[in-house]
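Read off the chains here:
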Amino acid sequence: MIKVTCRRIDSVTVVDLGGRITLGEGATVLRDTIRELLAKGDNRILLNLGDVTYIDSSGLGELVSGFSLVRKSGGDLKLLHLTRKVHDLLQITKLYTVFDVQDDEARAIAAFDSPAGASGAH
Amino acid sequence: MAQRQAIVLDSRIESVDQAEATAERVAASAGFDESERHRIAMAVREITVNAVMHGNAYDRGKKVTIEFQLSPDELVVKISDQGAGFDMEVVADPLAPENLLRASGRGIFLARAFMDQVDVQPSSAGTSVLLIKHRQPPLPTPPPHK
Numbered sequence: 002m003i004k005v006t007c008r009r010i011d012s013v014t015v016v017d018l019g020g021r022i023t024l025g026e027g028a029t030v031l032r033d034t035i036r037e038l039l040a041k042g043d044n045r046i047l048l049n050l051g052d053v054t055y056i057d058s059s060g061l062g063e064l065v066s067g068f069s070l071v072r073k074s075g076g077d078l079k080l081l082h083l084t085r086k087v088h089d090l091l092q093i094t095k096l097y098t099v100f101d102v103q104d105d106e107a108r109a110i111a112a113f114d115s116p117a118g119a120s121g122a123h
Numbered sequence: 522m523a524q525r526q527a528i529v530l531d532s533r534i535e536s537v538d539q540a541e542a543t544a545e546r547v548a549a550s551a552g553f554d555e556s557e558r559h560r561i562a563m564a565v566r567e568i569t570v571n572a573v574m575h576g577n578a579y580d581r582g583k584k585v586t587i588e589f590q591l592s593p594d595e596l597v598v599k600i601s602d603q604g605a606g607f608d609m610e611v612v613a614d615p616l617a618p619e620n621l622l623r624a625s626g627r628g629i630f631l632a633r634a635f636m637d638q639v640d641v642q643p644s645s646a647g648t649s650v651l652l653i654k655h656r657q658p659p660l661p662t663p664p665p666h667k
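Protein sequences appear in the order of chains U and S.
If you read the first sequence in this note's numbering, its first letter stands for residue 2, the second for the next number, and so on.
If you read the second sequence in this note's numbering, its first letter stands for residue 522, the second for the next number, and so on.
Bound-form chain U, shown alone (with noise of 0.2 Å):
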């Protein structure tokens, strides 16, 4: 089961996810959720992965065409709270190369409007 909260900061929108991204339901409500975002015209999105338990390739797969989606967008996608094991995915997947990750709120939202964070590398 996955869940979902979006809150707008500034100009961007923070989308607090808790539970399991995984093939299914999960990696579904994400992508669904990014997509109407998109179709908002809300393209800074800071997605707050605290409280996921657990992501399966399928649910890198949603983060991944999700990111995708919205730099084509012309916007940028950000990573918030990291746990453990899902830091440990996207460091073994190389994903940590793509996403910019951050671990403080403020300083991700802060990120949006600054040249080295829109860059979206590590």
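Just so you know, not all the hints are guaranteed correct.
Unchecked claim - With a cut-off of at most 27 Å between alpha-carbon atoms, the simulated DSSO-like pairs for lysine-lysine come out as follows:
no. : chain 1 : residue 1 : chain 2 : residue 2
1   : U       : Lys73     : U       : Lys41
2   : S       : Lys599    : S       : Lys584
3   : U       : Lys95     : S       : Lys654
4   : U       : Lys4      : U       : Lys86
5   : U       : Lys73     : U       : Lys95
6   : S       : Lys654    : S       : Lys584
7   : S       : Lys599    : U       : Lys86
8   : S       : Lys654    : S       : Lys599
9   : S       : Lys654    : U       : Lys86
Keep in mind that the hints were calculated from the coordinates and are not lab data.
No experiment lies behind these values; they were computed from the predicted model shown.
Once you've looked at the hints, dock chain S against the given chain U.
Chain S alone, transformed into the frame defined by chain U:
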């Protein structure tokens, strides 16, 4: 002495959760720590996803069989489908720069990263994947005090 357990699953998404949960329980009973249990369960999950989606292609008439065999040295998990065959060896390297942004193709890679050995055995009757995790040797028993 080896312990065996087998489950037969329908070719549907919900079976993947059942495979993962069973693997977690078997790994716990084998004494693997929390981190290793997570890795074993995820490897089983990812290979079961392949069996359901790519092997059996969600065919309700086809099953996925998962056999767990626990010996003093290792845990062996055999995941078999009844599909036409899915060549996991030709899956593009998900770590290659040109593939990093692909949405799929990480399942078998994660299984290989999390297990000590992964063997893919294609046949005309379907594909079997062997996942092997070595058990840590028990700590030596200290000599009794005299």
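Hint by hint, here is what the structure shows:
Under the criterion of a C-alpha separation no larger than 27 Å, the hint pairing U/Lys73 with U/Lys41 is consistent with the structure, at around 15 Å. A hinted pair counts as satisfied when its Cα atoms are at most 27 Å apart, and S/Lys599 with S/Lys584 qualifies at roughly 14 Å. Pair hint U/Lys95 plus S/Lys654 holds up; C-alpha atoms about 24 Å apart against a cutoff of 27 Å. About 18 Å separates the Cα atoms of U/Lys4 and U/Lys86, which keeps this hinted pair within 27 Å; it holds.
Proposed proximity of U/Lys73 and U/Lys95 is supported: the alpha carbons are some 21 Å apart, at most 27 Å. With a C-alpha separation of about 24 Å, the suggested pair S/Lys654 and S/Lys584 falls inside the 27 Å cut-off, and the hint holds. Taking the CA atoms of S/Lys599 and U/Lys86, the gap is near 25 Å; set against the 27 Å cutoff, the hint holds. Distance check on the hinted pair: S/Lys654 and S/Lys599 sit about 12 Å apart at the alpha-carbon level, within 27 Å; holds.
Distance check on the hinted pair: S/Lys654 and U/Lys86 sit about 19 Å apart at the alpha-carbon level, within 27 Å; holds.
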